[in-house]
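4 protein chains.
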Amino acid sequence: MISQFKTLKEECYEANIQLNNLGLVIYTFGNVSAVDRGRGVFAIKPSGVPYEDLKPEDIVILDFENNVVEGKMRPSSDTKTHAYLYKNWEDIGGIAHTHATYSVAWAQAQRDIPIFGTTHADHLTADIPCAPPMKDELIAGNYEHNTGIQILDCFKEKQISHTEVQMVLLGNHGPFTWGENAAKAVYNSKVLEEVAKMAFLTRQINPEAPRLKDSLIKKHYERKHGKDAYYGQK
Amino acid sequence: MISQFKTLKEECYEANIQLNNLGLVIYTFGNVSAVDRGRGVFAIKPSGVPYEDLKPEDIVILDFENNVVEGKMRPSSDTKTHAYLYKNWEDIGGIAHTHATYSVAWAQAQRDIPIFGTTHADHLTADIPCAPPMKDELIAGNYEHNTGIQILDCFKEKQISHTEVQMVLLGNHGPFTWGENAAKAVYNSKVLEEVAKMAFLTRQINPEAPRLKDSLIKKHYERKHGKDAYYGQK
Amino acid sequence: MISQFKTLKEECYEANIQLNNLGLVIYTFGNVSAVDRGRGVFAIKPSGVPYEDLKPEDIVILDFENNVVEGKMRPSSDTKTHAYLYKNWEDIGGIAHTHATYSVAWAQAQRDIPIFGTTHADHLTADIPCAPPMKDELIAGNYEHNTGIQILDCFKEKQISHTEVQMVLLGNHGPFTWGENAAKAVYNSKVLEEVAKMAFLTRQINPEAPRLKDSLIKKHYERKHGKDAYYGQK
Amino acid sequence: MISQFKTLKEECYEANIQLNNLGLVIYTFGNVSAVDRGRGVFAIKPSGVPYEDLKPEDIVILDFENNVVEGKMRPSSDTKTHAYLYKNWEDIGGIAHTHATYSVAWAQAQRDIPIFGTTHADHLTADIPCAPPMKDELIAGNYEHNTGIQILDCFKEKQISHTEVQMVLLGNHGPFTWGENAAKAVYNSKVLEEVAKMAFLTRQINPEAPRLKDSLIKKHYERKHGKDAYYGQK
Numbered sequence: 111m112i113s114q115f116k117t118l119k120e121e122c123y124e125a126n127i128q129l130n131n132l133g134l135v136i137y138t139f140g141n142v143s144a145v146d147r148g149r150g151v152f153a154i155k156p157s158g159v160p161y162e163d164l165k166p167e168d169i170v171i172l173d174f175e176n177n178v179v180e181g182k183m184r185p186s187s188d189t190k191t192h193a194y195l196y197k198n199w200e201d202i203g204g205i206a207h208t209h210a211t212y213s214v215a216w217a218q219a220q221r222d223i224p225i226f227g228t229t230h231a232d233h234l235t236a237d238i239p240c241a242p243p244m245k246d247e248l249i250a251g252n253y254e255h256n257t258g259i260q261i262l263d264c265f266k267e268k269q270i271s272h273t274e275v276q277m278v279l280l281g282n283h284g285p286f287t288w289g290e291n292a293a294k295a296v297y298n299s300k301v302l303e304e305v306a307k308m309a310f311l312t313r314q315i316n317p318e319a320p321r322l323k324d325s326l327i328k329k330h331y332e333r334k335h336g337k338d339a340y341y342g343q344k
Numbered sequence: 111m112i113s114q115f116k117t118l119k120e121e122c123y124e125a126n127i128q129l130n131n132l133g134l135v136i137y138t139f140g141n142v143s144a145v146d147r148g149r150g151v152f153a154i155k156p157s158g159v160p161y162e163d164l165k166p167e168d169i170v171i172l173d174f175e176n177n178v179v180e181g182k183m184r185p186s187s188d189t190k191t192h193a194y195l196y197k198n199w200e201d202i203g204g205i206a207h208t209h210a211t212y213s214v215a216w217a218q219a220q221r222d223i224p225i226f227g228t229t230h231a232d233h234l235t236a237d238i239p240c241a242p243p244m245k246d247e248l249i250a251g252n253y254e255h256n257t258g259i260q261i262l263d264c265f266k267e268k269q270i271s272h273t274e275v276q277m278v279l280l281g282n283h284g285p286f287t288w289g290e291n292a293a294k295a296v297y298n299s300k301v302l303e304e305v306a307k308m309a310f311l312t313r314q315i316n317p318e319a320p321r322l323k324d325s326l327i328k329k330h331y332e333r334k335h336g337k338d339a340y341y342g343q344k
Numbered sequence: 111m112i113s114q115f116k117t118l119k120e121e122c123y124e125a126n127i128q129l130n131n132l133g134l135v136i137y138t139f140g141n142v143s144a145v146d147r148g149r150g151v152f153a154i155k156p157s158g159v160p161y162e163d164l165k166p167e168d169i170v171i172l173d174f175e176n177n178v179v180e181g182k183m184r185p186s187s188d189t190k191t192h193a194y195l196y197k198n199w200e201d202i203g204g205i206a207h208t209h210a211t212y213s214v215a216w217a218q219a220q221r222d223i224p225i226f227g228t229t230h231a232d233h234l235t236a237d238i239p240c241a242p243p244m245k246d247e248l249i250a251g252n253y254e255h256n257t258g259i260q261i262l263d264c265f266k267e268k269q270i271s272h273t274e275v276q277m278v279l280l281g282n283h284g285p286f287t288w289g290e291n292a293a294k295a296v297y298n299s300k301v302l303e304e305v306a307k308m309a310f311l312t313r314q315i316n317p318e319a320p321r322l323k324d325s326l327i328k329k330h331y332e333r334k335h336g337k338d339a340y341y342g343q344k
Numbered sequence: 111m112i113s114q115f116k117t118l119k120e121e122c123y124e125a126n127i128q129l130n131n132l133g134l135v136i137y138t139f140g141n142v143s144a145v146d147r148g149r150g151v152f153a154i155k156p157s158g159v160p161y162e163d164l165k166p167e168d169i170v171i172l173d174f175e176n177n178v179v180e181g182k183m184r185p186s187s188d189t190k191t192h193a194y195l196y197k198n199w200e201d202i203g204g205i206a207h208t209h210a211t212y213s214v215a216w217a218q219a220q221r222d223i224p225i226f227g228t229t230h231a232d233h234l235t236a237d238i239p240c241a242p243p244m245k246d247e248l249i250a251g252n253y254e255h256n257t258g259i260q261i262l263d264c265f266k267e268k269q270i271s272h273t274e275v276q277m278v279l280l281g282n283h284g285p286f287t288w289g290e291n292a293a294k295a296v297y298n299s300k301v302l303e304e305v306a307k308m309a310f311l312t313r314q315i316n317p318e319a320p321r322l323k324d325s326l327i328k329k330h331y332e333r334k335h336g337k338d339a340y341y342g343q344k
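Listed in order, the protein sequences are those of chains R, E, S and Y. 111 is the number of the first residue of the first sequence in the numbering used here; add one for each residue after it. 111 is the number of the first residue of the second sequence in the numbering used here; add one for each residue after it. 111 is the number of the first residue of the third sequence in the numbering used here; add one for each residue after it. 111 is the number of the first residue of the fourth sequence in the numbering used here; add one for each residue after it.
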């Protein structure tokens, strides 16, 4: 049987494999999805399949109401979180979730990652937010759907934009990242892990290390993402 | 000469090689065993053989009274600990012992690993127990046999189940893990090492980091291991 | 079209690839340049190109006034810093800039790296300087050019020589290193990262660890770089 | 020209290559030597040669008075330390010196590595000694020869045996290890680095972590090295 979603599945498959190659996951931990806005569906890793065994045809296709459109396998247990984010943030094209070590450590410490340097400022101008653990009744309820709500509530409360801040830590759990496509979401997971490690070491060396000053935050973010950006090729 | 235990030896061999490939041991450190309940024997790594040199035919077969049934080499010096666990826990199929860095560090610190996040809760609902160092008369006696007793005493005292908590730290020594087969025991060693590193970093970032709350412990464990589990394929 | 700068481009290309192979950068982070003093030009990595995709012909050639002499791609966003250093330090042949983890952590902590041992003294006799963050008006101005000024000011104020101290940390940013050619600049980036990690661990083990005493600093530096040096081949 | 020391050079070459493969050195750091007691000579790495470029024929042969017996290259700058140890400790067959990260960190912290667990006790029963930095007049004098004296003085003062304790840290410098041959010396360098990392982490987790108790030290050391040892093959 020929899939109607061959390209989308391959994009999703490649991004999941990258997650493993970049050392951000072990065994079956983590998952990446990719969206097709035109058709109103997204592709996601099947649940509990080791990356070594994963094949493009295993990828599951769902609509934003979590109905399986194509695929024989059970989708990732985190699928409802992905669906909720796609439904509410119409400009994102891919989502990644990892259990990368330093990112998880900050999430378990329930701390935002302070912006300490230009590596961070090259990617976002705010501290990386850590959403507080969910209320008990939400955990007992539609947990993964509510995780999506938790992320949006966090961004609303902190008044930050998901377009600029493409990553979040879920308290006691781990990171979710997103971007214009699945590859960019994975890129953001790797950058987050690196920034998380740098921030950890910075605090160990100097517990009083100050946040980066506003002029440098602005300069580095603008030279990469501003209207007169001069980083990268045109 | 054709072995009567070819399959068992190969399962054991493969699991030992994994221990090395996963970076959990160096040189001759550590060992994995696999059991054949029907025949009342288990297979274990020979003592002091580097993983690079290990061959399936080197694996030693013993009964639960530590008598060698097949094999020319001396079995692992930790063999009696394995035998004791197999004899007392009739539902386990494999056991692994490593000197993985972060696991050993917690064992040397004589501290249980607190449950700080969902990576931990996906695998067990309790803190990872650290058994206290043995009494001097037991060390001077049948040491490796007594190590088995030490593990069972620890589980009895803490009132935890070896079916749910498939790992333990031996104070000042290192980790033992087990599971339905040798591959699962090795999986648990890798997960333990990862959780040990995450917990170490969590405490460094926030010395007051709270344990994971009960509702999240329950949710994550149940979605993977409960009767209505929806993680993985059916 | 045949390049007039084939050799220079290849030297620059090889050094950039080394940066990646040595684990000092991820994705498009960092850059290396190489100079041709006779022709008054230098070669540098194009901006935002992943190391995996980089080809020798992508390397951009510029003069010391930042005019592109050859190359179709936009040069590294840090180009003006390189040009400023080449113009002012006439005896250097290559410059490297990385976002290596431990080097960045010290830069973010805004701390000089104290000379704790002979690994450090084998390469330089001073603490590795951390230049303070730039003033706001300089950041808003010709930022990358001013970064060059910031480095020279730091060396002037601390009264250290760029010939002996071939590395600097930019506060909140990361390291720049240099040397007689591009390969030596990369070598210095790797040594700096290693020394930065050792110094971090030293302070963690003993917060009161003393600096290396003068007699040992002198001995190790002299046996490698003094007039009666006996390290290496003649 | 055919070497009279082909086998010795190859033993030395292989051990040096291992140092690099095991991640204990970068670039030209470190060196390993191997002795031929019958002929009163030892083989050592040439000074300043990168491991990637090293060939068996580059290895230099010297007598215990530091006279070159065969070889065109300049021997390691640490040669006199090796010669002094070979001359004074007649039962050792190989010596290794590294700048491995965690070993150097403890040396720079000027702290003995406490015996915290059985990984340590499997190899030696004492804390790993850190020799204090040399007096200024000895540094200015015959430095590498005096380093040998420094090591022997340290063992004399602490009343430990070089046969049992096959490793030392030189304050502010790094580790020297030895053994029955060059391969065993390298093995000891790797074990030391692993034990150094474990001890560092142990103290971070529990600053009050107690030393391993005597009964366990004895048990683990005896089962591997005692007269009734049962670790390894006969």
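Check each hint, because a few of them may be wrong.
Identical copies look the same in the list; a pair holds intra-copy or inter-copy alike.
What the hints assert, rightly or not - In silico DSBU-like links for lysine-lysine, alpha-carbon gap of 35 Å or less: (1) K328 with K266; (2) K182 with K197; (3) K245 with K268; (4) K182 with K268; (5) K165 with K268; (6) K344 with K245; (7) K245 with K294; (8) K328 with K182; (9) K334 with K116; (10) K245 with K182; (11) K268 with K116.
Simulated from the structure, these hints should not be mistaken for lab results.
- Please flag the earlier hints that this structure goes against, numbers listed from lowest up. 4, 5 and 11
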